[in-house]
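Protein chains in written order, with our numbering: chain G, 1 to 514; chain X, 1 to 514.
Calculated directly from the structure, the hints in this document are not laboratory data.
Do not take every clue at face value.
One copy or two, either will do: identical chains are not told apart, so a pair holds if it fits within one copy or between any two.
Said to hold, decoys possible - Straight-line distance between alpha carbons at most 16 Å, and here's what the computed EDC-like set of lysine to aspartate or glutamate pairs gives:
hint : residue 1 : residue 2
1    : Lys91     : Asp104
2    : Lys106    : Glu80
3    : Lys340    : Glu415
4    : Lys477    : Glu185
5    : Lys340    : Asp144
6    : Lys347    : Asp317
7    : Lys106    : Glu203
8    : Lys91     : Asp112
9    : Lys91     : Glu114
10   : Lys116    : Glu92
11   : Lys18     : Asp291
Protein chains: 2
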Amino acid sequence: MSNIRHALNVKREDDFAKWYQEVIAAADLAEESGVRGCMVIKPWGYGIWERVQRLMDDRIKAAGVSNAYFPLFIPLANFEREAAHVEGFAKEMAVVTHHRLIADGKGGLIPDPEAKLEEPLVVRPTSETIIGDAMARWVQSWRDLPLMLNQWANVVRWEMRTRMFLRTSEFLWQEGHTAHATREEALEETHRALEMYRACVEEDLAMPVIAGEKPENERFPGADETWSIEAMMQDGKALQAGTSHYLGTNFAKAAGIQYQDSEGTQQYCHTTSWGTSTRMIGGVVMTHGDDDGLRVPPRIAPHQIVILPMLRDKPEDEAVIAYCEDLRAALADQWSMGEKLRVLFDKTPGKATAKRWDWVRKGAPVIIEVGPRDMEEGKVAMLRRDRLWNADNGKPNMHFTPRDEFVAAAAALLEEIQISLFEEARARRDANITRGLTQWSEVTDFFASNGKYPGWVEVQWAKPTGDALEKVVEQLKGEKLTIRNVPRDGEPVDGTCIFTGAPAVERILVARAY
Amino acid sequence: MSNIRHALNVKREDDFAKWYQEVIAAADLAEESGVRGCMVIKPWGYGIWERVQRLMDDRIKAAGVSNAYFPLFIPLANFEREAAHVEGFAKEMAVVTHHRLIADGKGGLIPDPEAKLEEPLVVRPTSETIIGDAMARWVQSWRDLPLMLNQWANVVRWEMRTRMFLRTSEFLWQEGHTAHATREEALEETHRALEMYRACVEEDLAMPVIAGEKPENERFPGADETWSIEAMMQDGKALQAGTSHYLGTNFAKAAGIQYQDSEGTQQYCHTTSWGTSTRMIGGVVMTHGDDDGLRVPPRIAPHQIVILPMLRDKPEDEAVIAYCEDLRAALADQWSMGEKLRVLFDKTPGKATAKRWDWVRKGAPVIIEVGPRDMEEGKVAMLRRDRLWNADNGKPNMHFTPRDEFVAAAAALLEEIQISLFEEARARRDANITRGLTQWSEVTDFFASNGKYPGWVEVQWAKPTGDALEKVVEQLKGEKLTIRNVPRDGEPVDGTCIFTGAPAVERILVARAY
Numbered sequence: 001m002s003n004i005r006h007a008l009n010v011k012r013e014d015d016f017a018k019w020y021q022e023v024i025a026a027a028d029l030a031e032e033s034g035v036r037g038c039m040v041i042k043p044w045g046y047g048i049w050e051r052v053q054r055l056m057d058d059r060i061k062a063a064g065v066s067n068a069y070f071p072l073f074i075p076l077a078n079f080e081r082e083a084a085h086v087e088g089f090a091k092e093m094a095v096v097t098h099h100r101l102i103a104d105g106k107g108g109l110i111p112d113p114e115a116k117l118e119e120p121l122v123v124r125p126t127s128e129t130i131i132g133d134a135m136a137r138w139v140q141s142w143r144d145l146p147l148m149l150n151q152w153a154n155v156v157r158w159e160m161r162t163r164m165f166l167r168t169s170e171f172l173w174q175e176g177h178t179a180h181a182t183r184e185e186a187l188e189e190t191h192r193a194l195e196m197y198r199a200c201v202e203e204d205l206a207m208p209v210i211a212g213e214k215p216e217n218e219r220f221p222g223a224d225e226t227w228s229i230e231a232m233m234q235d236g237k238a239l240q241a242g243t244s245h246y247l248g249t250n251f252a253k254a255a256g257i258q259y260q261d262s263e264g265t266q267q268y269c270h271t272t273s274w275g276t277s278t279r280m281i282g283g284v285v286m287t288h289g290d291d292d293g294l295r296v297p298p299r300i301a302p303h304q305i306v307i308l309p310m311l312r313d314k315p316e317d318e319a320v321i322a323y324c325e326d327l328r329a330a331l332a333d334q335w336s337m338g339e340k341l342r343v344l345f346d347k348t349p350g351k352a353t354a355k356r357w358d359w360v361r362k363g364a365p366v367i368i369e370v371g372p373r374d375m376e377e378g379k380v381a382m383l384r385r386d387r388l389w390n391a392d393n394g395k396p397n398m399h400f401t402p403r404d405e406f407v408a409a410a411a412a413l414l415e416e417i418q419i420s421l422f423e424e425a426r427a428r429r430d431a432n433i434t435r436g437l438t439q440w441s442e443v444t445d446f447f448a449s450n451g452k453y454p455g456w457v458e459v460q461w462a463k464p465t466g467d468a469l470e471k472v473v474e475q476l477k478g479e480k481l482t483i484r485n486v487p488r489d490g491e492p493v494d495g496t497c498i499f500t501g502a503p504a505v506e507r508i509l510v511a512r513a514y
Numbered sequence: 001m002s003n004i005r006h007a008l009n010v011k012r013e014d015d016f017a018k019w020y021q022e023v024i025a026a027a028d029l030a031e032e033s034g035v036r037g038c039m040v041i042k043p044w045g046y047g048i049w050e051r052v053q054r055l056m057d058d059r060i061k062a063a064g065v066s067n068a069y070f071p072l073f074i075p076l077a078n079f080e081r082e083a084a085h086v087e088g089f090a091k092e093m094a095v096v097t098h099h100r101l102i103a104d105g106k107g108g109l110i111p112d113p114e115a116k117l118e119e120p121l122v123v124r125p126t127s128e129t130i131i132g133d134a135m136a137r138w139v140q141s142w143r144d145l146p147l148m149l150n151q152w153a154n155v156v157r158w159e160m161r162t163r164m165f166l167r168t169s170e171f172l173w174q175e176g177h178t179a180h181a182t183r184e185e186a187l188e189e190t191h192r193a194l195e196m197y198r199a200c201v202e203e204d205l206a207m208p209v210i211a212g213e214k215p216e217n218e219r220f221p222g223a224d225e226t227w228s229i230e231a232m233m234q235d236g237k238a239l240q241a242g243t244s245h246y247l248g249t250n251f252a253k254a255a256g257i258q259y260q261d262s263e264g265t266q267q268y269c270h271t272t273s274w275g276t277s278t279r280m281i282g283g284v285v286m287t288h289g290d291d292d293g294l295r296v297p298p299r300i301a302p303h304q305i306v307i308l309p310m311l312r313d314k315p316e317d318e319a320v321i322a323y324c325e326d327l328r329a330a331l332a333d334q335w336s337m338g339e340k341l342r343v344l345f346d347k348t349p350g351k352a353t354a355k356r357w358d359w360v361r362k363g364a365p366v367i368i369e370v371g372p373r374d375m376e377e378g379k380v381a382m383l384r385r386d387r388l389w390n391a392d393n394g395k396p397n398m399h400f401t402p403r404d405e406f407v408a409a410a411a412a413l414l415e416e417i418q419i420s421l422f423e424e425a426r427a428r429r430d431a432n433i434t435r436g437l438t439q440w441s442e443v444t445d446f447f448a449s450n451g452k453y454p455g456w457v458e459v460q461w462a463k464p465t466g467d468a469l470e471k472v473v474e475q476l477k478g479e480k481l482t483i484r485n486v487p488r489d490g491e492p493v494d495g496t497c498i499f500t501g502a503p504a505v506e507r508i509l510v511a512r513a514y
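Chain G on its own, in the form it takes in the complex (with noise of 0.2 Å):
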C-alpha cells in the first residue's frame, strides 16, 4: 500500500495533532478569525453542525422538551449565588462593562467612561441561573412540573489555549434545563438525556460511546451527579461529547424555584441540565478522519452525493449536464434513513480530478463522476470516500456501475456507508480498551511502553471521595491521565483498588483526554 499517495501531507500516525489541523483546513470545516480564541465555522463545517441540530433537535422535542431563548448576558450577582457554581466558573468569562464608544480624539474608538454599567453583565458561560430566575417564575404549583426546556444558543468562556471545535472561547451548543417534583423524576431525565445523546451520537455521527458517571472531581460546579458519554479519538485520547447533570435542589434554592405540592406544601425542585456542543464536530473529525480528509458519516453529510460532470468546453458538454440534472432528481427522489437524499450537482468551475479530490478531503460520502463515455453506455463512476483505495494498485477504488442500478442502491448504499463507519470506530475503540491491570505500576509501564496511542484502560477502584480522592486525581496527573467515567454498563467488580489495594467498588476508564 505503500504507493497510495494520500490527498493531505502529513498523516494520522505521524502527527496526529498536526494531521487534525490539516483536515480542518482541508475539509474546509473552519479557521481562525482573528479574533481571539473564537473561529469562524465555513459553510461545509457549519452544513454538518446543521444536520446535527436537526437530528438532535427532533430527538429533544419528541421527549416533550420545549425549545426557548434566554438572555446573553447575566448580571454577576447570578454568579454568586451559588458557592460551587461560582468557585467552578468565575474565573474566565467575558465581562461586558460599558454600553458606548466614543472617540478617542485620535482616530481611534474608546469606551466611553460616561456609560460605565451599574454592574457589569457577563457573557453566558452555561444559563442555569438565568433559566433558574425564569423557572422560579414560572413554576407555582405540581401542575406546572415537569417544565423541560431547552436552549440553541452560543457561550463564552474565555481560553488560553484554544484549538479549533475542540475548545474555542465561543462555541455553539444545546443546553436542557428541566425542573422535577421529586428527585426520582429529576434522576431519570438525566439519564434520558444522557441516553439520548448516546443515541443520536452513535447513530447519526456514527461514533461509538461509552455512557458513565464522571466522579466528583469532574462534576459540573454545583451539580450533584455528572454523567458523559466518551468517545475514543484515532491517537487513543478520549472526548468528553456530551454531559448530563443533576442538579439536586442547588440551584433550586439559589435561584427560588418552589413549587406547591398536592398537599399545599412549599417543596424545591430538582433539577437537571444537559448540554453538546460544536466539540461533536471535533470528535467526528478525529473518529472518521483518514490520511485523505474527512469522512462525514451520510446521516449528517449536507451532501450524501456529490456529482461531477467531466466536462471539455465542446458541444456534447450540454448533455452530460443535462444528464447528471436528470441523475441529480432521481437520486433526490430516493428516502434513506428516513429522509429525502441530500444530492449536490457540482456545476463550478474546475477539473472533475481537482474537484473529486476536493470532495474527498472534505468527505462527501459518495462521489459520482460523469463524462461522455460514461453517459453513452449509461453509467456512472462512483468511489465510496470510507474505501477509497484499491490496495492492489494503489489508486482510487472507482467502481463503474449501471446508472439504473446505482440510482436503485444508492439509498441502501448509504446505510451501508452509515454502519460501517460506526462499527470500523466500534471496533478500534474495542481493540484500545485494556482490562485486567491489577496493580498502579502496570498502568503506568502501559502507558510507557504502549506507543504514541495507548488508548484506554480500565480499572477497579474504591471510589474515594475528598482528601482521598484529590490524591488519586495527583497521581494520575502525574501520568497526564484523567478519570473519564464510571460505565454505566460496566461488569461488576472482582478485584481491589488500583490505588488503595481495598475492596474495589466499580470500574473506572482511564484515559488521557482532549
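We have chain G already, so just place chain X on it with the hints.
Only chain X this time, still in chain G's reference frame:
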C-alpha cells in the same frame, strides 16, 4: 356584538400599546428577563420563531446561499475602518473589557483588573466588518464569486427604551452577506433578497408589505442603497420588517475584499447585506392579533390544530382519550401547504374550557374539543381562531362536524385560514393608505384630524438630498412622521413635490412608525 366578552382586558381601539403588551403576555410569547433590555422568548413565541426560521432558511438555501458562523466579538479596529459604519453603529454597543472575575473580598465578584483586555471587544451589532475580513481571505479570483453567506445569530444594540420583539438590546436574526464581481450582480442580489423577504413575510407570515427603497437619510450606515419591506400595523403605524442593502465597494475597500478578474486585474468586490429578525414576531402580533389574543397564521403555527379532550374523571375518559389520539394520528398524517400537519393533543391537567381560552389567546389556528357525546356521535366540535365569534348570539362560533369530514377537509381549512388572514390584513392596509394629498398642510391636517390610527399617506416628492433632505426630515419629525420607502411597484409621478413644489420624481410613503 356588544354582548361578546373578549378574552383580553384591553381592546386594540382603547390602548394599542397596552393591548400589545397584554397579547405578548396572554399568548405566552415572551417576558422581561430582569436583564436590562433583554427578553426571554418563551416556548410558544420561540416555536413561532423556529417556524419562521425554517421557512426563511429554506428560501435562503434555495437561492444558493450557504450558512456559516462568525464570531460574536468584533475587535474595535474593525469599526474604525469604515467611516459611515462607525458613525452609525459605534454609539450604543456592549463592550467587553475584561476576561475574568475575581472575588471582591466582600462576598461579591468584580472584573479582575489583571485580566483587562488589551483591545476591548464589541458584541456584534451586525457582522459586515467581521464577515468582510473572512471574505477578504476567501476571495482571490473571479472564480470565487459570487460568495453568498448567511448567518443565524444573536446581535446586541444597546437600547435605552425597549419594547418586546420590536426593540430589545439583544435580538435574534439572520444576516445575509454576499460579494460579487460587478455592481449589476450585487444589485440583482439586493433585489433577490428583498423579493425573498416579501414572499416569505406575505406567504408565510401572512403579513402584507410594500417593498421599496429607503430615502438617503434612512440608509444603513455605509450602504449605497437600502431597500425595505414595510408592513402596516393595526394602529396604522409602519413596521420595517426586513432590509436589503447594496453596499457598493465601501466595505470591500475597508476590508480589502479584492478579486483578480479574468484579465488579471485586481478589482474590489461589490457587496450586499440583508437581514430579518425576531422583530417580525412583533409584526405578526400587531397584524393578526385581536381582542382575544394572537392569531397565528397556520404556516408559522407550531401547532396548527390543538385537540382538547373533555374529561370528567370517569371511566369513559379512556375512550375519549383513545378517540382523540386516533384523531391526532389521522390529522398528523395529512399534508397542507407542502408540510405534514402539526397537531397537538393537549392532555395537560385542567378544564377543557379554560384550556380552550388559553389556546384562543395563544392563537392556535384550529381548536378541537371532544367530549363523550361527540365521540358517540362520531363528531368533533371545531373552533376557527380567525372566526371566533358568532355575531348573532355573542358566543364562540363552535361547529359540530362529522369526524371523518373534518379530517378530510383539515388541510384545505388551514390553507383557507392562511389566505384569509392575509386578505384581511391586506384589505385593511389598502383601506388605510391615503393618496392624492398635494399640499403639506393637507398632510398635517390628515394626521391631526384622522383619529388615533390614521394610517399612511402616499405623496410625491422631488427626492431632495443633503441639506434639503435634512430640512424635509425635520419637517416630518415635527409631526412624528418618517418616510418609509419609495414603493418598488409604485405608480409613475404626475405632480409636484409636496415639500418644495418642484416637479416630483417619485412617490413616497409617509407614516408614523415603530
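Structure-based check of all given hints:
Proximity of Lys91 to Asp104 under the C-alpha cut-off of 16 Å is restricted to the inter-copy arrangement: shortest distance 13 Å between copies versus 30 Å within a copy. With identical chains, the CA atoms of Lys106 and Glu80 are at most 16 Å apart between copies only, with a shortest distance of 11 Å across copies and 39 Å within one. Within a single copy, Lys340 and Glu415 get their C-alpha atoms as close as 13 Å, which meets the 16 Å cut-off; across copies the closest is 25 Å, which misses it. Neither within a single protomer nor between protomers do Lys477 and Glu185 lie at most 16 Å apart by alpha-carbon distance, with minima of 36 Å and 59 Å respectively.
In the homo-oligomer, the alpha carbons of Lys340 and Asp144 never lie at most 16 Å apart, since the shortest distance is 38 Å inside one protomer and 29 Å across protomers. Only within a single protomer do Lys347 and Asp317 lie at most 16 Å apart by alpha-carbon distance; the minimum there is 11 Å, versus 60 Å between protomers. In this assembly of identical chains, the alpha carbons of Lys106 and Glu203 never lie at most 16 Å apart, being 57 Å within a copy and 50 Å across copies at closest. Taking the shortest Cα distances, Lys91 and Asp112 sit within 16 Å of each other only across copies (9 Å), while inside one copy they are farther apart (26 Å).
Taking the shortest Cα distances, Lys91 and Glu114 sit within 16 Å of each other only across copies (12 Å), while inside one copy they are farther apart (27 Å). When the C-alpha separation of Lys116 and Glu92 is checked against a cutoff of 16 Å, the pair qualifies only between copies, where the shortest distance is 12 Å, while the shortest distance within a copy is 21 Å. Only within a single protomer do Lys18 and Asp291 lie at most 16 Å apart by alpha-carbon distance; the minimum there is 12 Å, versus 63 Å between protomers.
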